[in-house]
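Visitor: Using the sequences plus the hints, can you model the full thing?
If you want the building blocks of each chain, they are given just below.
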Amino acid sequence: MVKTVASVGLPVDEVLEIRKNRYCPENETKDCKRISIVTGIHGDELEGQFVCYEVGRRMKEHPELLTGIVDIYPAMNPLGIDSITRGIPAFDLDMNRLFPGNKEGDMTEYVASKIIADLEGSDVCVDIHASNIYLTEIPQIRINKLHKEKLIPLARELNIDFIWVHEANTVLESTLAHSMNSRGVPTLVVEMGVGMRITKTYGYQLVDGIFHLMHEMGIWQGETQPVRKPILSEDPEDVSFLNATHGGIFVPSVKHWEVLKKGDLVGNIIDPLRGGILDEIVSPVDGILFTIREYPVVDEGSLIGRLLRKEVYDR
Amino acid sequence: MNKKIIYEIKSLYRDDFRVWGYEFGEGEKSVCIVGPMRGNEVQQLYTCSQLTRRLKVMEEKGRIKKGHKILVVPSVNPYSMNIQKRFWPTDNTDINRMFPGYDEGETTQRIAAGVFDEIKDYKYGIQFASFYMPGTFMPHVRMMKAGMENVELAKKFGMPYVVLRNTRPYDTTTLNYNWQIWETNAFSLYTTTTSSVDKASAFQAIQSILTFLSKEGIVEYYGHDGYISMVVEDTDMVSVRTKKSGIFESKVIVGQEVNKGQILAEIIDPYEGEVIDTLTSPVDGSVFFKHSDPLTYASTAVFKLIVQAH
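Protein chains in written order, with my numbering: chain D, 99 to 413; chain F, 634 to 943.
None of these hints come from the bench; they were simulated from the model. Check the hints yourself; a few may be wrong.
What follows is a list of derived Cβ distance ranges for each label pair [said to hold, decoys possible]:
| # | chain 1 | residue 1 | chain 2 | residue 2 | range |
| --- | --- | --- | --- | --- | --- |
| 1 | D | His160 | F | Tyr646 | 48 to 58 angstroms |
| 2 | D | Asp180 | F | Asp649 | 35 to 45 angstroms |
| 3 | D | Glu126 | F | Lys718 | 30 to 40 angstroms |
We put the beta carbon where it would ideally sit given N, CA and C, even for glycine.
Guide: Okay, here's the thing in structure tokens:
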């Protein structure tokens, strides 16, 4: 059943609505568990759109197997999605820096507070992101160190390739995930694929993981696939960053999720005007490339990729 | 005056990105003044340019006291200004959310690190700041309560108001906050506008800075001392919010004293022209902030009022 979570009248005729679809079991009980699937906080991240569709499609195919509540929120930032804008259009604000919001605040804060209120009571929340338009990410879950005890076991059920536990960061206190985790709703942040695109293979991978987690929680009684064993990284030293040393056009020489040896060529930054190579980006360590630059134009400093050191995935 | 590049990166097709610094006087790093970090901060650019012009003349006349160095950084983000975009051209990141920066990080982290390295050891730091919402302000000095704020110092600017506000999570990556952490006395100066030039307000800000520098013994300046600043906590201001979205028609100006019940603005139906919302003042006070866009959303704080003391 489609419900409106928040509604605000816009200046000219239109009403902004944040909507969710609630799937309930045929025999709903008070003890039913509830999972919330959230996406579209950043309007240019679309990987979650396919995931929401596919989760809904599979449930509708076998409604008799549903024994808990599944709430799907496909568009937290509908104006952003519709206008290919990462933030909230007109305000130029990152919606994921507004939580928990304020119901007495302006439109953006009000919407954020209504979303939080609606998500409260979930047993688990999955917030699906798709990197940005510049970088492609292997399906992974990012966890704030503060919440790792509760979240790592859940993350292992989601059929992703990598769990990245990062340091606590004050700025991230205004994210949806931090607000929900602080309220006792375990919230997993998935990053996968790339902005403005849909990678179906990653979508299917995560959907299989969501059904597996739902099965573990007693929400889904259908058969589920065994999940992948994710690589876990908790030490900042596990990850090496590759940044552009020159502004130019980056052309990769390797594939995403490729195992590299120290000194292997990752790609070139080229100069189309002069027909030259401005820099050869080489791997600084033995490792696996879990992030790679998708958008070719780079400035000095632009992120080209991230490598997980060999010792970590060999463990 | 010594003009120098304080940070530079090369681009493939555009001219090099350069952040310039203008140094006046010699000696201890006394004060650093930073202009726009966003591409639409034209008033901040104009104010900085006029301050530089003024300091140049003062230096020639020997009015910068011995042993003091003043640094003016007129723009930290010329690239965005030239394409009329508020944030960084390629990835839309905000340089003022990147401090103290990271010299091996991404582009705007590197810019923040490079600039901060040059400006962090000054005794006083003054930034011409802007608000994310479109609107006009009463000129004021704003300070974040990061533990280092000194209200008595802020009053020396002689601006009409000194506003104190609590830090929020995102503040920890701003220049103002990091200046304070590095033990610089940091002040954000708000003039009336952002994307249009208000000359009178710009010259008031310049006068305020020169008054401050004079009181701190850095320059010789014999201008007007300005106002006896009123100190206001951000949380004590009264916000007046719209109930409906529509065309915003203000009935008052910034700085105007208003009475309880006085009409501040009307919201007009964009199709039928009827008044659909009338905003009245809930207090006796004065208008500190006023929304400036012709269209407004519901629940928007279109006015901030300072309550009149009784």
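Visitor: Find the hints from earlier in the document that the structure breaks and name them by number, from lowest to highest.
Guide: 3
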